[in-house]
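Please model the complete structure; the sequences and the hints are all you need to start from.
Below, each chain spelled out in residue letters.
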Amino acid sequence: MLNLLLKHARVIDPEMKIDEVLDILILDGKIADIGLSLPMKKSIDSLELRDKIVAPGFIDMHVHLREPGYEYKETIETGCAAAAAGGFTAVCCMPNTNPPIDNEGIVRFVKDRGRKALDGVVDVFPIAAVTKGREGKELSPMAELFEAGAVAFSDDGSPVSSAEVMRRALEYAAMFDVPIIQHAEEVSLTKGGVMNEGYVSTILGMPGMPAVAEELIVARDIGLLEFTGGRYHVAHLSTSRGAELIRDAKKRGVQVTCEVTPHHFTLTDEAVRGFDTNTKMNPPLRTQADVDSLLDGLRDGTIDVIASDHAPHSFDEKEVEYVNAPFGIVGLETALTLAITELVYKDVLSWDQLVMKFSTNPRRILRLPPAKIQRDAIANLTLIDPSVKWVVDSNKFKSKSRNSPFHGKHVRGKALGVINNGCFLTN
Amino acid sequence: MPREDIELILETTSSFREVLERPIKKVPTLQGKTIVNLFFESSTRTRTSFELAERRLSADVVNFSVAGSSVAKGETLKDTARNIEAMKVDMVVIRHPAAGAPHFLSRVLDAVIINAGDGAHEHPTQALLDMYSLREKFGRIEGLRVGIVGDLSHSRVALSNIFGLKTMGALVSVCGPATLIPRGIEKLGVTVYHDLDKMICNVDALNVLRIQFERHGEALFPSVREYHLRYGVTRERLDKAGHAVTILHPGPINRDVELSADVADSEHSLILQQVLNGVAVRMAVLFLLGTAHHESGS
Numbered sequence: 000m001l002n003l004l005l006k007h008a009r010v011i012d013p014e015m016k017i018d019e020v021l022d023i024l025i026l027d028g029k030i031a032d033i034g035l036s037l038p039m040k041k042s043i044d045s046l047e048l049r050d051k052i053v054a055p056g057f058i059d060m061h062v063h064l065r066e067p068g069y070e071y072k073e074t075i076e077t078g079c080a081a082a083a084a085g086g087f088t089a090v091c092c093m094p095n096t097n098p099p100i101d102n103e104g105i106v107r108f109v110k111d112r113g114r115k116a117l118d119g120v121v122d123v124f125p126i127a128a129v130t131k132g133r134e135g136k137e138l139s140p141m142a143e144l145f146e147a148g149a150v151a152f153s154d155d156g157s158p159v160s161s162a163e164v165m166r167r168a169l170e171y172a173a174m175f176d177v178p179i180i181q182h183a184e185e186v187s188l189t190k191g192g193v194m195n196e197g198y199v200s201t202i203l204g205m206p207g208m209p210a211v212a213e214e215l216i217v218a219r220d221i222g223l224l225e226f227t228g229g230r231y232h233v234a235h236l237s238t239s240r241g242a243e244l245i246r247d248a249k250k251r252g253v254q255v256t257c258e259v260t261p262h263h264f265t266l267t268d269e270a271v272r273g274f275d276t277n278t279k280m281n282p283p284l285r286t287q288a289d290v291d292s293l294l295d296g297l298r299d300g301t302i303d304v305i306a307s308d309h310a311p312h313s314f315d316e317k318e319v320e321y322v323n324a325p326f327g328i329v330g331l332e333t334a335l336t337l338a339i340t341e342l343v344y345k346d347v348l349s350w351d352q353l354v355m356k357f358s359t360n361p362r363r364i365l366r367l368p369p370a371k372i373q374r375d376a377i378a379n380l381t382l383i384d385p386s387v388k389w390v391v392d393s394n395k396f397k398s399k400s401r402n403s404p405f406h407g408k409h410v411r412g413k414a415l416g417v418i419n420n421g422c423f424l425t426n
Numbered sequence: 000m001p002r003e004d005i006e007l008i009l010e011t012t013s014s015f016r017e018v019l020e021r022p023i024k025k026v027p028t029l030q031g032k033t034i035v036n037l038f039f040e041s042s043t044r045t046r047t048s049f050e051l052a053e054r055r056l057s058a059d060v061v062n063f064s065v066a067g068s069s070v071a072k073g074e075t076l077k078d079t080a081r082n083i084e085a086m087k088v089d090m091v092v093i094r095h096p097a098a099g100a101p102h103f104l105s106r107v108l109d110a111v112i113i114n115a116g117d118g119a120h121e122h123p124t125q126a127l128l129d130m131y132s133l134r135e136k137f138g139r140i141e142g143l144r145v146g147i148v149g150d151l152s153h154s155r156v157a158l159s160n161i162f163g164l165k166t167m168g169a170l171v172s173v174c175g176p177a178t179l180i181p182r183g184i185e186k187l188g189v190t191v192y193h194d195l196d197k198m199i200c201n202v203d204a205l206n207v208l209r210i211q212f213e214r215h216g217e218a219l220f221p222s223v224r225e226y227h228l229r230y231g232v233t234r235e236r237l238d239k240a241g242h243a244v245t246i247l248h249p250g251p252i253n254r255d256v257e258l259s260a261d262v263a264d265s266e267h268s269l270i271l272q273q274v275l276n277g278v279a280v281r282m283a284v285l286f287l288l289g290t291a292h293h294e295s296g297s
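Which chain is which? The protein sequence lines are A and B, in order.
Sequential numbering of the first sequence, starting at 0, is according to numbering that gives the first Met the number 0.
Sequential numbering of the second sequence, starting at 0, is according to numbering that gives the first Met the number 0.
Just so you know, not all the hints are guaranteed correct.
To be verified - Under the rule of at most 35 Å between Cα atoms (straight-line distance), these lysine-lysine pairs were calculated in the DSBU-like manner:
1) A:Lys-408 x B:Lys-77
2) A:Lys-397 x B:Lys-77
3) B:Lys-165 x A:Lys-190
4) A:Lys-40 x A:Lys-29
5) B:Lys-77 x A:Lys-395
6) A:Lys-190 x B:Lys-77
7) B:Lys-24 x B:Lys-136
8) A:Lys-408 x B:Lys-186
9) A:Lys-388 x A:Lys-345
10) A:Lys-29 x A:Lys-115
Claimed, not checked - Covered by chain B, per the in silico footprint, the following chain A stretches (three or more residues, Cβ under 8 Å):
11) 200-207
12) 313-324
None of these hints come from the bench; they were simulated from the model.
Every value quoted in this text rests on a predicted model; they were computed, and no experiment measured them.
Here a beta-carbon is modelled for each residue, glycine too, at the ideal position from N, C-alpha and C.
Encoded structure:
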């Protein structure tokens, strides 16, 4: 088991209200002591972390691990390696696999594969389908799925389009206090669309997906939620008006939460101009006004979580005409650095807030125990170099796929390593 | 495309227009060059025009069309193009239903790529021949008032015309039902009309776009009849303008839908002139790109 002394780290844990330079002694994978200048012992390795950050383990609550069914894009093993490299000690994987995660056997399979990958340093929490086969018609066996270990329900990749089905899902899932995660898209407005509808789609002559397609579903679902109760989480929020709707709902005390992806707060639809298929994702990159609203939402707490929507695709699948390319980009290995570069260094978020969006808040939404930095807790930690400058090189990703629009981007801050379940992985 | 490049192409087109008036309409300029016409969409007019231009420049020409090819068997665009390039092709003329397909090809191939229309994005040689025809008629493009009427949302011809005409200093306006005018188009510096009669009063020339019946399933306007009533270019409408309005159409025409037969065949119509100029413009483009490539490659 892991024995390690972390020296002189800036320890940030919003849950424990800690932000100070401390030593952390880990014995048998558990936090044995925290304090100023803990004594070094010959038998225990120590790690000098002056000017580095130690935070409660980060979780990416929106990833696609592709297994079972699409192992050529990613496996649970390679996805976990990418997660660890990106500074995550946990991921929630979406059910759009083949077969989809809509029965307890698949939930157990995914959890089992997760435990075996990299000695279990990354906890894999499956998100199960809202409806059977993700077809949007009949509810999946939610009670069974929940008992098998599903932490939330989503048909992500597709929306739950029927208001009636969404109503029943909210009501039913409320019995287990589990959130429904919605891919908010009114599909009758986005048919054939490949990018945001607006000036850029007009001059590129490409079919658009208007922002209102997201806004309508968010508005509808908030209405349903106020009627049914339960909990509802908007995946990959991308629009200004969507953020506004959630802000207002929260003010009224509605149990709605949401996440934003690093690409939606970093890029705009201007990035599509070169027809690079790594700028194609759903929801699409929006306008600068949307980005500004998302940054405001992150600042004022409207947006609870940063999640990557890690969506690996093979090189050949993306090496086609823009309209024919699949939606999605990888994100596990760039999410943290983009958040540091675009949010912390641009004064959108404090370090404390960053830790909340990557650890405290998603764990609270998913009713997972917080990864607290306190004595006797399992050491579940993310180690960060906050200031190193580097250039993203997608060829070095641990993920099986390379589909990132951030290849070559100059960034700042990086995960140094992760500690979880008695394992320590460094970059 | 910068103004100087457009000027150069239009100047070069003039020389090739002379060639087309000769009894023997052929020059040896591209002798030994191999050009593939890679057409992923049916097109009689553009493909014939390119092919004539290529043959009159003495290039070796291969036509590749989708029907009966390996594309029908599921081959990717990249593989198709690379296979063709492996046969030592110098230039590829591509027509493709996907916006950006020529840009994609230019990334994966070394050959010179010419865009013969990509989805609803651009159709540069059409805009060039439209501009050439206008300049031939009016002697200038600068300050000319040009209207474009029809389905702007799905028109590569419209976009390329707007880019080209604006660059050359024309005053451009567009007209069509609100469902066929894409968002943000006014940011390109064009005036947007929904009333054709109002626009006609303010233009010297009218580029009439083809209405694409194949898009009717999308219910973008109520009926062909209603479209014709509101946006059909008729003799009656043109007479009300109080001045002569020159008519262009990229073809093929739906007679008595977007354009009435008598207008299409009238003395103010440049339609057949456009077809002739199309060959000359494409000769100019092929010549300029074919020879530039040769120099940089040697």
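Hint-by-hint comparison with the structure:
no.	hint	verdict
1	A:Lys-408 x B:Lys-77	holds, 27 Å
2	A:Lys-397 x B:Lys-77	holds, 27 Å
3	B:Lys-165 x A:Lys-190	holds, 32 Å
4	A:Lys-40 x A:Lys-29	holds, 17 Å
5	B:Lys-77 x A:Lys-395	holds, 25 Å
6	A:Lys-190 x B:Lys-77	holds, 26 Å
7	B:Lys-24 x B:Lys-136	holds, 23 Å
8	A:Lys-408 x B:Lys-186	holds, 30 Å
9	A:Lys-388 x A:Lys-345	holds, 15 Å
10	A:Lys-29 x A:Lys-115	holds, 20 Å
11	200-207	holds (count 8)
12	313-324	holds (count 7)
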